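Number of protein chains: 4
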Amino acid sequence: MEKIKVGILGSTGSVGQKFIQLLTSHPYFEITALTASEKSAGIAYGERVNWIQDTILDKKIANIKIQNSIPNIDCQVVFSGLDSSVAGEIETDFASMGYHVISNSKNHRWDENVPLLIPEVNHEHLGLINHQQSLGKIVTNPNCSTIGLVMALKPLNDRFGISEFNVVTMQALSGAGYPGVSSLKIIDNVIPFIDGEEEKIEKEPLKILSKYDGNKLIFPHINISAQCNRVNVIDGHIELIQIRLIDKVKESEVIDAWDTFRSIPQELRLPMAPQKPLYYFDSEELPQPRILRNIDKGMAVSIGRLRKCNIFDYKFVILSHNTIRGAAGGAILSAELMYEKGLFN
Amino acid sequence: MEKIKVGILGSTGSVGQKFIQLLTSHPYFEITALTASEKSAGIAYGERVNWIQDTILDKKIANIKIQNSIPNIDCQVVFSGLDSSVAGEIETDFASMGYHVISNSKNHRWDENVPLLIPEVNHEHLGLINHQQSLGKIVTNPNCSTIGLVMALKPLNDRFGISEFNVVTMQALSGAGYPGVSSLKIIDNVIPFIDGEEEKIEKEPLKILSKYDGNKLIFPHINISAQCNRVNVIDGHIELIQIRLIDKVKESEVIDAWDTFRSIPQELRLPMAPQKPLYYFDSEELPQPRILRNIDKGMAVSIGRLRKCNIFDYKFVILSHNTIRGAAGGAILSAELMYEKGLFN
Amino acid sequence: MEKIKVGILGSTGSVGQKFIQLLTSHPYFEITALTASEKSAGIAYGERVNWIQDTILDKKIANIKIQNSIPNIDCQVVFSGLDSSVAGEIETDFASMGYHVISNSKNHRWDENVPLLIPEVNHEHLGLINHQQSLGKIVTNPNCSTIGLVMALKPLNDRFGISEFNVVTMQALSGAGYPGVSSLKIIDNVIPFIDGEEEKIEKEPLKILSKYDGNKLIFPHINISAQCNRVNVIDGHIELIQIRLIDKVKESEVIDAWDTFRSIPQELRLPMAPQKPLYYFDSEELPQPRILRNIDKGMAVSIGRLRKCNIFDYKFVILSHNTIRGAAGGAILSAELMYEKGLFN
Amino acid sequence: MEKIKVGILGSTGSVGQKFIQLLTSHPYFEITALTASEKSAGIAYGERVNWIQDTILDKKIANIKIQNSIPNIDCQVVFSGLDSSVAGEIETDFASMGYHVISNSKNHRWDENVPLLIPEVNHEHLGLINHQQSLGKIVTNPNCSTIGLVMALKPLNDRFGISEFNVVTMQALSGAGYPGVSSLKIIDNVIPFIDGEEEKIEKEPLKILSKYDGNKLIFPHINISAQCNRVNVIDGHIELIQIRLIDKVKESEVIDAWDTFRSIPQELRLPMAPQKPLYYFDSEELPQPRILRNIDKGMAVSIGRLRKCNIFDYKFVILSHNTIRGAAGGAILSAELMYEKGLFN
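Protein chains in written order, with our numbering: chain A, 35 to 379; chain B, 35 to 379; chain C, 35 to 379; chain D, 35 to 379.
Hints were generated in silico from the structure; no laboratory data involved.
One or more hints might be untrue.
You can't tell identical chains apart in this list, so a pair holds if it fits in one copy or across any two.
Simulated pairs of lysine-lysine, BS3-like, Cα-Cα distance not exceeding 27 Å [claimed, not checked]:
id: 1; residue 1: Lys-310; residue 2: Lys-94
id: 2; residue 1: Lys-342; residue 2: Lys-237
id: 3; residue 1: Lys-39; residue 2: Lys-375
id: 4; residue 1: Lys-234; residue 2: Lys-94
id: 5; residue 1: Lys-310; residue 2: Lys-93
id: 6; residue 1: Lys-140; residue 2: Lys-342
id: 7; residue 1: Lys-284; residue 2: Lys-234
id: 8; residue 1: Lys-39; residue 2: Lys-250
id: 9; residue 1: Lys-73; residue 2: Lys-284
id: 10; residue 1: Lys-282; residue 2: Lys-250
Being a predicted model, the structure only gives us computed values, none of them experimental.
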């Protein structure tokens, strides 16, 4: 079987590096092009990148010459880890030239026919791309905090209905990219603010949890409040969720909804798919980023501490790996789903 | 003027050390006795303590011989930093022998006639101690997370009425005492659980915000939900608060309530009192523990990010120094108030 | 093939946990017994342990009932992660009852016929155990800082001769066990002292680098000075080494000695053996703990920054994983070597 | 008495901020001008700076309009915290226009008649500035690691003679400026490399410890080797020093040399001068950055762990605050000395 050639836009950044780490020896995809800003063009990747992953960079990748981010590179699909200051236009250019674009940037998330895709949650939204005018299609990842959140909410919304939820995040530093947050700002500290993040979390779940009627998305009525914080953790976003349900249910029913949740990626056994999307832990002290962020290849969401709330119905804690499930790994899973659905033929 | 002799119970622990740091050269009080567990008795404090403060231990204090925690020590008032596993009985013993006890432990907080005192908030509760039977009286500090929280809520409750609030804490490591949290548990991590803490925060504000009718406390009706987390910060608890008010008011009115708040400690110019109990900051990135925890001697509460909430009326962020305002400094302020009210004569 | 039954002494500690993590599904060994202090006996391991590893505890292991550390447990070989305050006597007891003991504790390291074993460096020292009187034999691991150090020095000593070396360590927190170092002591800090560590590093390399004449060890003459520091890193000891060689050689010869170094574990393809014991990196910024500690299963030593020194001949930097190569993994490799040499028959 | 007007070049950087923090309400100097890069010119300082100090920015300073770094600002003396990529030329321009320049940058450190000044160590080198041709004179601070090191060595060199020393640093993050080191690079990590740092430490002590014959500097013969590391500490450089002395002396004599060391800044009671330049601590665990970096206003050097060395004569550990003693505070002390010597008249 011949592999699909893929390129990575913005390959030297934090998300770009994670794409490379996860796509090295992928069964469907083969990295054939890496792009970065103009000043890096022509330089071998290994000489240019400030590699911050915890594995050694593959030598074949290190030798690839970086190219400028313009749509004349040798591949069929591009994964975009571009900064949002430039991603919008570049991704549009690639799509118009026939490349399929799987983007981790926010720029096209609210374009009308662009799905905000989490394969376990709203795979049917992929139908939207037929309405896109360009030859190449654009699919986007939601925000890194939104992904784990909506995955944990999905089976509850399906079974019991959600009318309202409150979320507080404690987000890892890798979410801010590289170099991102200066060490002088975060050691022995918490920053109770992340620019633009609360707005995304209050809005994106509504699009993701929409019903697709074959033509357009029909948004649900859910009231959302979010508060976002940066904490001194490398990888893994913790989120505290309080929820009001339409049906009044027992704790055991909530846990059962999580434990039994499976979806298309599991049925298709997609290479990047976790065996179980959601893991519930009984221990009072879980989930914790360092212990659980890498569970099931970093693609599953860990949940714990479900308990009654004095204000809402329930409160609980979730954890997901922000640069794997919440960024590069999630985008690769989307591409795998598209591949299996024949969208790359 | 002769100083009041004071002793510190549990002097080698984290709170005990902070009492020593703050009482060295205090205008009203003079440390004349230090106690710890039996195995330390007879040893010079400086040889026994694992000093973790960021200033050098005073030499006169270092030479004091540690005594057993039994009520035959040379002083009139004791500050208790005892562990709750032993504090209950020992503090009762000291009070029954005529020592006044200012305690940071939880054991007596819910005794009927023991005030849970924050001098700026409920100084009139001191009247309760007249109903205590023992010769010496017991006054307690609320939990370290409760103190900053209730200080920020007090002027809002007085002016606008509070019907409900939701709080999420990101608490510093010094709140767990010494040695407390192992470095192996918290580096590159968050622990979304603190044993017993959520229960305290959901309960203590009700006692503190009670009306004292000269005889007993009359509790308010406020609905509270708390979620507590340990983060990788040495000192300074961050709390995210969402609030529902009885009167509907503008943001500027809320900020004004904080900015103009003054109370008895400020009027009496108590040595440990902050000039202003509450500081509101406009900057989106404030408050942060490392920048603001020491403001006004570590005795003031910093507030920021007031904004409308989709679920509650408002949300905002507070910070207070957990071992100064939230523990040793708060207890000393209570003692200063009692001193000025003539309760130590 | 039937697996050898193994027990882990001191199984709830930091090294004990690492033994469990590494021995779960080992091709030669099967965990059949776990011991801890008396108060834990009879309790299922999963309920007792404060698991701090970054993978989830295996369920079968979690169900094993902890036993007291006395030599009536069902296994042939024991791995000891006991604290040195008790390890000496307990290990002697086990050996005298016929158990083979692979110990990570310091107690028996200087017993006359006990090898201080690094399989790549001094496998021939295993001959010493024939002189041990007990039915079961004791083999010890060197100190966690000594292991990486001596591995890096071994090929240089063999080829060029070492007359003197100076070493400074920056050691990870897991080396102090669990709970070990309080978070309050190490955040935003360095502790330039580790009790007893400098003495071990100045002494152990001499035993390890001894020649074994079939009867006893003949110690080399090497002058050593060590300075040890605790830094805010979870796993992975960095060591700065300055060296005076007997032969004057070029940098390329030093690097070649490292790059081509292979030994018995590589020849026998022992399961825990790294493919290469030593990796030299050209990059000025390597080695770093977080990037390289897990290289080759955490069993290889990373080396970098070889350069001339104004005082010694050369200086360079090494890194090794202190709880894998420097403790549990090293001990398992020793046991694998003993297994292949038929010493467990 | 009228205060001398001073400006701060590069005022928004980490050293610039520290200059502001330390010069606010200084008895001799008054800040009248702040400069930064062209794009900040005209903006109020408080709106432009990313303030990372642990105290709140003074309001009067916050209102000062930033100016471009060209020599037409209203002041007599400038403190330079400029980046070395631009400092050389700008500082020359200011000196040629008659401003006295006290620089923390490396650019002019090796100019023939520019003193590399530590007031306690080589105040007589100030004589060199008479040989400078420009109207305004340039005086430089040594590197932040060199300052503490040479202060600790000075009394030993004077009394016993130093022939050789070996130094290993564990340096704080603030030494790399702001934003400096990314949090993603240093959490749970050590970086055993700092660009250009080892070279500075191997060279600068020779100039500072030179004899000034009234005309030029006569360099001593001391053999130096340095190894530099970045560790996860905000402020405070630790240095491990091994030393070979010309006279063979007892430990008590070494400690006495440190304890009794005083110099010109102490005699003149300069405002920024520490009461004692050097503090020796008996405790095995000292010095540590978080406990001792602020001793004596952050201007003194803490020393500990003096012990015999197997290779050199002695080894010991020092700590100094890198942005106070090692940068802004040191430069201010130099300016105070110049002021008292009438060099600003």
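So, going through the hints one by one against the coordinates:
In this assembly of identical chains, Lys-310 and Lys-94 lie within 27 Å of each other by CA distance solely across copies; the values are 20 Å between and 33 Å within a copy. Proximity of Lys-342 to Lys-237 under the C-alpha cut-off of 27 Å is found in both arrangements, the shortest distances being 26 Å within a copy and 16 Å between copies. In the homo-oligomer, the alpha carbons of Lys-39 and Lys-375 lie at most 27 Å apart inside one protomer (17 Å), although the nearest pairing across protomers, at 49 Å, exceeds that limit. For the identical chains of this complex, Lys-234 and Lys-94 are neighbours neither inside a copy (37 Å) nor across copies (38 Å), given an alpha-carbon limit of 27 Å.
With identical chains, the CA atoms of Lys-310 and Lys-93 are at most 27 Å apart between copies only, with a shortest distance of 17 Å across copies and 33 Å within one. Taking the shortest alpha-carbon separations for Lys-140 and Lys-342, only the inter-copy value of 24 Å comes in at or below 27 Å, while the best intra-copy value is 35 Å. Taking identical chains as interchangeable, the C-alpha atoms of Lys-284 and Lys-234 lie at most 27 Å apart only when they sit on different chains, with a minimum of 25 Å there against 30 Å within one chain. With identical chains, the CA atoms of Lys-39 and Lys-250 are never at most 27 Å apart, being 31 Å at best within one copy and 62 Å at best between copies.
Taking CA atoms no more than 27 Å apart as the test, Lys-73 paired with Lys-284 passes in neither setting, with 58 Å inside one copy and 37 Å between copies. In this assembly of identical chains, Lys-282 and Lys-250 lie within 27 Å of each other by CA distance neither inside one copy nor across copies; the values are 31 Å within and 39 Å between.
Hints 4, 8, 9 and 10, counting from the list given before, are not met by this structure.
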